[in-house]
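Based on these hints, arrange chain G on the given structure of chain R.
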Amino acid sequence: MSIAQEPPPLEMRRLTKYYGSHVGVQELDLAVNAGEVLGFLGPNGSGKTTTIRMLVGLLKPTSGEARVLGRDVFLESVSVRRRIGYLPGDVALYGERTGNELLRLALRVRRMSEAPLAAELADALGAPMDRRVKKLSRGMRQKVALVLTLAHDPDVLVLDEPTSGLDPLAQRALLDILDRAGQRGKTVFFSSHILSEAEQICDRVAILREGRLIVQDKVERLREQKYKEVMLAYSGPPPDLEGLDGIQMVWKHEGRLTFRVRGDIGRLMALLQGCAIEDLTISEPSLEEVFLDYYRGDAT
Amino acid sequence: MTPLVLDLAARTRAALGWWMLGILAMATYVVVAYDTMVDLDALSELYESYPPALRQLFGEVDLSTMDGWIQVELVSYLPLLLAIYGGIYAAGAVSRETEQRTIDFILGLPVSRTDFIASRIIVGLLNLFSICLAVFLFLVIGVALVGRTPSAGNYALALLNAFLLSGALLMAYVAIATVVDEQSRLTGITLGLTFVLYILTAAFQVADVPDVVRWLTPFEHYHSAQAMTGEGLPALPMVALAAAMTLAAAASVYWYNRRDL
Numbered sequence: 001m002s003i004a005q006e007p008p009p010l011e012m013r014r015l016t017k018y019y020g021s022h023v024g025v026q027e028l029d030l031a032v033n034a035g036e037v038l039g040f041l042g043p044n045g046s047g048k049t050t051t052i053r054m055l056v057g058l059l060k061p062t063s064g065e066a067r068v069l070g071r072d073v074f075l076e077s078v079s080v081r082r083r084i085g086y087l088p089g090d091v092a093l094y095g096e097r098t099g100n101e102l103l104r105l106a107l108r109v110r111r112m113s114e115a116p117l118a119a120e121l122a123d124a125l126g127a128p129m130d131r132r133v134k135k136l137s138r139g140m141r142q143k144v145a146l147v148l149t150l151a152h153d154p155d156v157l158v159l160d161e162p163t164s165g166l167d168p169l170a171q172r173a174l175l176d177i178l179d180r181a182g183q184r185g186k187t188v189f190f191s192s193h194i195l196s197e198a199e200q201i202c203d204r205v206a207i208l209r210e211g212r213l214i215v216q217d218k219v220e221r222l223r224e225q226k227y228k229e230v231m232l233a234y235s236g237p238p239p240d241l242e243g244l245d246g247i248q249m250v251w252k253h254e255g256r257l258t259f260r261v262r263g264d265i266g267r268l269m270a271l272l273q274g275c276a277i278e279d280l281t282i283s284e285p286s287l288e289e290v291f292l293d294y295y296r297g298d299a300t
Numbered sequence: 301m302t303p304l305v306l307d308l309a310a311r312t313r314a315a316l317g318w319w320m321l322g323i324l325a326m327a328t329y330v331v332v333a334y335d336t337m338v339d340l341d342a343l344s345e346l347y348e349s350y351p352p353a354l355r356q357l358f359g360e361v362d363l364s365t366m367d368g369w370i371q372v373e374l375v376s377y378l379p380l381l382l383a384i385y386g387g388i389y390a391a392g393a394v395s396r397e398t399e400q401r402t403i404d405f406i407l408g409l410p411v412s413r414t415d416f417i418a419s420r421i422i423v424g425l426l427n428l429f430s431i432c433l434a435v436f437l438f439l440v441i442g443v444a445l446v447g448r449t450p451s452a453g454n455y456a457l458a459l460l461n462a463f464l465l466s467g468a469l470l471m472a473y474v475a476i477a478t479v480v481d482e483q484s485r486l487t488g489i490t491l492g493l494t495f496v497l498y499i500l501t502a503a504f505q506v507a508d509v510p511d512v513v514r515w516l517t518p519f520e521h522y523h524s525a526q527a528m529t530g531e532g533l534p535a536l537p538m539v540a541l542a543a544a545m546t547l548a549a550a551a552s553v554y555w556y557n558r559r560d561l
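Protein chains in written order, with my numbering: chain R, 1 to 300; chain G, 301 to 561.
Next up, chain R with everything else stripped away, as it sits in the complex:
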């Protein structure tokens, strides 16, 4: 007897959007599993927001499809949005309303009598839910919008640059909330161009360039696949690194070398055995360096 496998909660297949002749995104294939936090990375204009707006049915795909919890995001948009929490980029809310009034409106639309997480979220983020939105700063509006997005404890979170405008404390609080959501089995899909936050909480990242997905992998694996930075202090003659492939010299000065090496670190260690080493540091690149490499086009 075969057991039917559950589809991933969030899935895109050859998802494409053109604006006239201009490419928004092209042939995105991506799936996010339950309990996974995926960072959707790319600079401004790379297609992150276009993708997210397709996921909530605001934009119609030119071709391909996207499914959330097994449902087509455009054709079954309402039932999809019943189960997700969507935070738009550059949030706009009705200025004359308070956060609590907007929350009540959202709950009435969702046919819920109360929001299980509202008070806890408002407290953690410091969201001023009882003040009129038009009186709030951008960061405060973002906090209110985050409470509205997360209060009903959705199964799938689709967030467009959620930390935008937040102060460092609120950023930290939000990342903790998203991290915990992933641990509770929620699917978290969030876009960002701030790599450190993706590095802190993401199980996986997907990097977008000019509308195309150029890589998707676990953060650790992306780091592993990239170069390692080696700082070496030695006495006596310098080590001969000529025979080693994938070496990129960064800095060399009187008994000190800094270089990058790709591939098997064992060959480097073997080569350094004959050297009088005073100090050796081998560090992995940050996600930011990995990201920049992909954007410079010299990814391996």
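Since the hints were made in silico from the structure, they are not lab data. Even for Gly, the Cβ is constructed at its ideal location relative to N, Cα and C. There are no misleading hints in this set.
Here are the in silico distance ranges between beta carbons for each label pair:
| # | chain 1 | residue 1 | chain 2 | residue 2 | range |
| --- | --- | --- | --- | --- | --- |
| 1 | G | E482 | R | S63 | 21 to 31 Å |
| 2 | G | A543 | R | R184 | 52 to 62 Å |
| 3 | R | N100 | G | P534 | 43 to 53 Å |
| 4 | G | V479 | R | N100 | 30 to 40 Å |
Quick look at chain G alone, frame taken from chain R:
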């Protein structure tokens, strides 16, 4: 859809209140001024000497009677005021949501685009109906207070016609708003259209234009003078207005469901 209707109704209440205040102030002037006119017969004769096109626009009525006076001084151009309200309302309730991106908040909730547009149409029609009802009640009470007998049936029919005409225009403006994302541009378009259509109605009274062209002019379907003189309302134009409302609603839903937001 009900939460959206209640929310929008609450957010448009203040603006609606100001519109009502203005229109009721005009109605007060009309009702109170009637008895202060020194020579109504002379005024009526002057009105008879107006160009036929202008008389058609204000209505072929006896200006010396209270109902004729109310028709010319208020009811004849009430749909023009209501159409202006409709244009401003459509720009605020539909185009503004897209322009300011509040639509992302609303359509991020489990709300269909059809429900969103339907809520905008329902609240718009309710607001127009509220203005018409307020004018009706005011006329009935106001005319009685100045010691005359109100023609409640006539007022009701005339205001029903005003409601249907302005409702059809409001729904047409909502349909245009589904494809125009800038509030100020839509306001300009609808105000321009309203005035052009109103003037065309007058122009067509003197110009020799085919009946089909007249029929396409919305204000041609306003027969308040007939209603105010106790002749009732012709059925066909009312059916045409109801059909136009249905068509505009269908177009709004069709366009809005197919576009990118």
